[in-house]
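Colleague: Order-wise, the sequence lines are chains H and Z. Residue numbers for the first sequence follow full-length UniProt numbering, beginning at 1 and rising by one. Residue numbers for the second sequence follow full-length UniProt numbering, beginning at 1 and rising by one.
Rather than coming from a laboratory, the hints here were simulated on the basis of the structure. None of the values given here were measured: they were computed from a predicted structure. C-beta: ideal position from N, C-alpha, C; glycine also. Mixed in with the good hints there might be a few duds.
When the alpha-carbon atoms are kept at most 30 Å apart in a straight line, the in silico DSS-like pairs for lysine-lysine are as follows [claimed, not checked]:
| hint | chain 1 | residue 1 | chain 2 | residue 2 |
| --- | --- | --- | --- | --- |
| 1 | H | Lys-336 | Z | Lys-348 |
| 2 | Z | Lys-257 | H | Lys-336 |
| 3 | Z | Lys-336 | H | Lys-297 |
| 4 | H | Lys-257 | Z | Lys-336 |
| 5 | H | Lys-297 | Z | Lys-343 |
| 6 | H | Lys-297 | Z | Lys-297 |
| 7 | H | Lys-257 | Z | Lys-343 |
| 8 | Z | Lys-151 | Z | Lys-405 |
| 9 | H | Lys-336 | Z | Lys-151 |
| 10 | H | Lys-336 | Z | Lys-297 |
| 11 | Z | Lys-336 | H | Lys-348 |
| 12 | H | Lys-375 | H | Lys-405 |
| 13 | H | Lys-336 | Z | Lys-291 |
| 14 | Z | Lys-297 | H | Lys-343 |
| 15 | Z | Lys-336 | H | Lys-291 |
| 16 | Z | Lys-336 | H | Lys-151 |
Examples of chain Z residues lying across from chain H (beta carbon under 7 Å, computed) [to be verified]:
| hint | residue |
| --- | --- |
| 17 | Leu-137 |
| 18 | Glu-139 |
| 19 | Thr-172 |
| 20 | Lys-247 |
| 21 | Thr-250 |
| 22 | Lys-302 |
| 23 | Pro-305 |
| 24 | Pro-309 |
| 25 | Tyr-314 |
| 26 | Thr-335 |
| 27 | Ile-338 |
| 28 | Pro-339 |
Number of protein chains: 2
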Amino acid sequence: MEFKQGDWVRIERNGTVYEGKVMPSMEGYITIKMKSGYNAGFSIDKVRITLLENNGETANGSRNGGKGCKTNEEELPEPGKKLPKIAILSTGGTIASKIDYRTGAVTSQFTADDILAAIPELKEIADFKGRVISSILSENMDSDSWQNLSKAVVEEIEAGADGVIVTHGTDTMMYSAAALSFMIKTPVPIVFVGSQRSADRPSSDNAMNAICAARVAISDIAEVVVVMHGTTSDDFCEIHRGTKVRKLHTSRRDAFKSVNSLPVGTVDYGTGEIKTFIDYTRRGEKALKFKPGMEPKCALVKFTPGADPTVLDYYISNGYKGLVVEGTGLGHISTKWIPLLRKATDAKMPVIVTSQCLNGRICDRVYDTGRDMLKAGAIEGEDTLPETALVKLMWVLGQTDDFEKAAGMLREDLSGEITECTQR
Amino acid sequence: MEFKQGDWVRIERNGTVYEGKVMPSMEGYITIKMKSGYNAGFSIDKVRITLLENNGETANGSRNGGKGCKTNEEELPEPGKKLPKIAILSTGGTIASKIDYRTGAVTSQFTADDILAAIPELKEIADFKGRVISSILSENMDSDSWQNLSKAVVEEIEAGADGVIVTHGTDTMMYSAAALSFMIKTPVPIVFVGSQRSADRPSSDNAMNAICAARVAISDIAEVVVVMHGTTSDDFCEIHRGTKVRKLHTSRRDAFKSVNSLPVGTVDYGTGEIKTFIDYTRRGEKALKFKPGMEPKCALVKFTPGADPTVLDYYISNGYKGLVVEGTGLGHISTKWIPLLRKATDAKMPVIVTSQCLNGRICDRVYDTGRDMLKAGAIEGEDTLPETALVKLMWVLGQTDDFEKAAGMLREDLSGEITECTQR
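Chain H on its own, in the form it takes in the complex (with noise of 0.2 Å):
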């Protein structure tokens, strides 16, 4: 069944039900604007829709919904009155920063509370409470700093918080993004954001970036996500997917992007819009769970031509427990490595296997070298980034000890960092 923009429906998904105005769509998905004024998009083929007003007319319903079922926008804050309110944690980094006077450099100084001083518009979107958690620049963050940063997520959503925006420094804001994917399933959006270039500079892209972010934390996207600037105009940001984003520049504004996927959406920084371009996870439809556990004794090596295996000999013998090998192509090593491969996996040690070309999908199977490496144990990456596989081998190494069910559940999709294979 066709519908027309314009045309009131009903959409069914998972057992909740959401209703609102037929927005225009790319093929494959329906996207509506619901009572409460936010967009929701949706994977035609995973929902059941319903005409309820044709165009204006009605069909088989009422704008009111069915009885007896609870639409998810009804869960929403409705716009003008009672605010939502967001957590604003911040760790560091260039969005909480200024010129330190002292060394000329740019240091992280600012609180929460000074984000808020400096952005006033934040203040009309929703009730904020600013909480600091560290001071530090990005670079410095490690797997405790994405535990101690996961439990204060927790802890602000257990006390009610509709939204948490995470500040944080650019540089490794896609590994804390992709950590906290793994280790906390949300019923609220948890937002990323950060900025490219200081407060003080005339171009900085943190009101924008933060404002945006705002708008992210009180819509439905229930999901760890990264706000940032889509271009390197100030008209939109992009919502990537935690476990599927990526910096790609060192200093444009627009240098996160969403590898092997679309964004989530996109926020219009004018109006506050939220476009969506692929499935996620509705607010309220997962229940809080917090697992966090992390091994950090993990290691990403990248292969280089010619270069020496016993590298990994070093990994083996130093108490590591797992590896990622960013490998040439379809996911290749020299066929010296091998050995020292198969070593690592009968130490029980799991090996995933992704790619520098960044985009595209491992492939172990087309090539001597890739069948080789699956005989000597190589996890397949699939369509992972080499990053976030990283992250996940730390936190699936923090859930479990057994190698086969470690090695299970590195093969699965835990946090939509592997989308299905649709063509090779």
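Based on these hints, arrange chain Z on the given structure of chain H.
Modeller: Frame of chain H, contents of chain Z only:
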């Protein structure tokens, strides 16, 4: 002075004169079509341009160029006359592979002669001489392979080849192209070409890539370049500088992209026309110079959050001569890594800092971490790709044992790997 499309102009660049008709050009550049049919592009600020004919009318010169000036185009082979000579050196890889029905996997078995037999169109472009250098999958190439290959390339140029094509597996083609870029200053084109899909597949890109490579091999682009599909269609190939190219998709035919630079140009598959976008070295502009020598004891270390810096100690204590660190953002590592970085430079090991962002430029003067890294002796890789930086390091340390001299060379642009900084 402004030049209109269709004007006939004379362009002087480094003492060499080019004449041709002004073509549609990008801002800051002038592109001319020469009598030979080749296009040539120039940065306007690096050349002297004289108007010869105003859109057909003679201004102050003639089509034959000033007397006493050697016009570069005269050195180019004239189409339709005696065919230029191309040496095609085969190293293995998918372009020279077929399914091994024993294992079901793809192996490298074809010789250069097999390629010529399979792609008869090549014989209309040039006289080919085939030579098998190796028959290995490219993940098994190393610095010895690069030197053997470069020796063979130089021999072919000395024997009178007007251009050289190297067929190569795509996995490590970027590393080999960078290696030859540093080892050989060439008066003729040296063109790397490969294939993402083997010849037995209907979607194989080997014929189009090989034909476009041959067009570039007889062009006036006297550089080490990579020629591969520009899009997923069979419309044109891109010509990438050997030090600026990266494989950025595991399986797509247009996997190769220039990073931090436009491609040198494109080759139209249908017409064979070459368009150029950036300044490049012209045929005959540089005399053949061959400087082999590669230090294999160099490593690329990718930094990840929380990673234990003692892996640097592994390299320092195992006789490594230099390191490339793939840091985060503008070129950062954790504060804990800096003492080990210092230890490496104290041991006279150059350490180049590059970014896992790939795009953009290193700048270690903005944040405290970067400034501390510079104090510890780190060399900023500017906008060099991490993979190219590793090959450069290996080559530089193959040329000199002197730490200060090596550091000086590493800071310079040696073969187009560092582009001028126009903006941060």
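Colleague: Hints first: check each against the structure and report whether it holds.
Modeller: To see whether the hints hold, each was checked on the structure:
The hinted pair formed by Lys-336 (chain H) and Lys-348 (chain Z) meets the criterion: a straight-line CA distance of about 29 Å does not exceed 30 Å. Straight-line distance between C-alpha atoms of Lys-257 (chain Z) and Lys-336 (chain H) comes to about 29 Å, which keeps the hinted pair within the 30 Å bound. Taking the CA atoms of Lys-336 (chain Z) and Lys-297 (chain H), the gap is near 16 Å; set against the 30 Å cutoff, the hint holds. With a CA separation close to 29 Å, the supplied pair Lys-257 (chain H) and Lys-336 (chain Z) stays within the 30 Å bound.
Distance restraint check for Lys-297 (chain H) and Lys-343 (chain Z): the Cα-Cα separation of roughly 23 Å lies within the 30 Å cut-off, and the hinted pair is therefore satisfied. Note on Lys-297 (chain H) and Lys-297 (chain Z): the hinted pairing holds, with a Cα-Cα distance of about 26 Å set against a maximum of 30 Å. With a C-alpha separation of about 36 Å, the suggested pairing of Lys-257 (chain H) with Lys-343 (chain Z) is violated against the 30 Å cut-off. With a C-alpha separation of about 25 Å, the suggested pairing of Lys-151 (chain Z) with Lys-405 (chain Z) holds against the 30 Å cut-off.
At roughly 25 Å between alpha-carbon atoms, Lys-336 (chain H) and Lys-151 (chain Z) fall within 30 Å of each other, so this suggested pair holds. Only pairs whose Cα atoms come within 30 Å are accepted, and Lys-336 (chain H) paired with Lys-297 (chain Z) is accepted, the gap being roughly 16 Å. The straight-line distance between the Cα atoms of Lys-336 (chain Z) and Lys-348 (chain H) is roughly 29 Å, inside the 30 Å bound, and the hint therefore holds. With a CA separation close to 18 Å, the supplied pair Lys-375 (chain H) and Lys-405 (chain H) stays within the 30 Å bound.
Distance check on the hinted pair: Lys-336 (chain H) and Lys-291 (chain Z) sit about 28 Å apart at the alpha-carbon level, within 30 Å; holds. Taking the CA atoms of Lys-297 (chain Z) and Lys-343 (chain H), the gap is about 23 Å. The hint holds against a cut of 30 Å. Between Lys-336 (chain Z) and Lys-291 (chain H), the direct Cα distance comes to roughly 28 Å. Compliance with the 30 Å bound is thereby established for this hinted pair. Distance check on the hinted pair: Lys-336 (chain Z) and Lys-151 (chain H) sit about 25 Å apart at the alpha-carbon level, within 30 Å; holds.
For Leu-137 (chain Z), the interface hint holds, since its Cβ comes within 7 Å of a Cβ in chain H; the closest pair sits about 6 Å apart. For the restraint placing Glu-139 (chain Z) at the interface with chain H, the shortest Cβ-Cβ distance is roughly 4 Å, inside the 7 Å limit, so the hint holds. The beta carbon of Thr-172 (chain Z) is positioned within 7 Å of a beta carbon in chain H (closest approach about 5 Å), and the interface hint is therefore held. Taken as an interface hint, Lys-247 (chain Z) checks out: its beta carbon lies about 5 Å from the nearest beta carbon of chain H, inside 7 Å.
At its closest, the beta carbon of Thr-250 (chain Z) sits 3 Å from a beta carbon of chain H; the interface hint therefore holds under the 7 Å criterion. A hinted interface residue such as Lys-302 (chain Z) counts as satisfied when its beta carbon comes closer than 7 Å to some beta carbon of chain H; here the least separation is about 5 Å, so the hint holds. Evaluation of the Pro-305 (chain Z) hint against chain H yields a held restraint, the C-beta minimum of about 5 Å falling below 7 Å. The closest approach between the C-beta of Pro-309 (chain Z) and any C-beta of chain H is roughly 12 Å, which is over the 7 Å cut-off, so the hint fails.
With its C-beta approaching chain H no nearer than about 5 Å, Tyr-314 (chain Z) sits inside the 7 Å limit, and its interface hint holds. Because the beta carbon of Thr-335 (chain Z) sits about 6 Å from the nearest beta carbon in chain H, less than 7 Å, this interface hint is met. A least Cβ separation of about 10 Å between Ile-338 (chain Z) and chain H goes past the 7 Å threshold, and the interface hint is therefore violated. The beta carbon of Pro-339 (chain Z) is not positioned within 7 Å of any beta carbon in chain H (closest approach about 14 Å), and the interface hint is therefore violated.
The earlier numbered hints that this structure contradicts are 7, 24, 27, 28.
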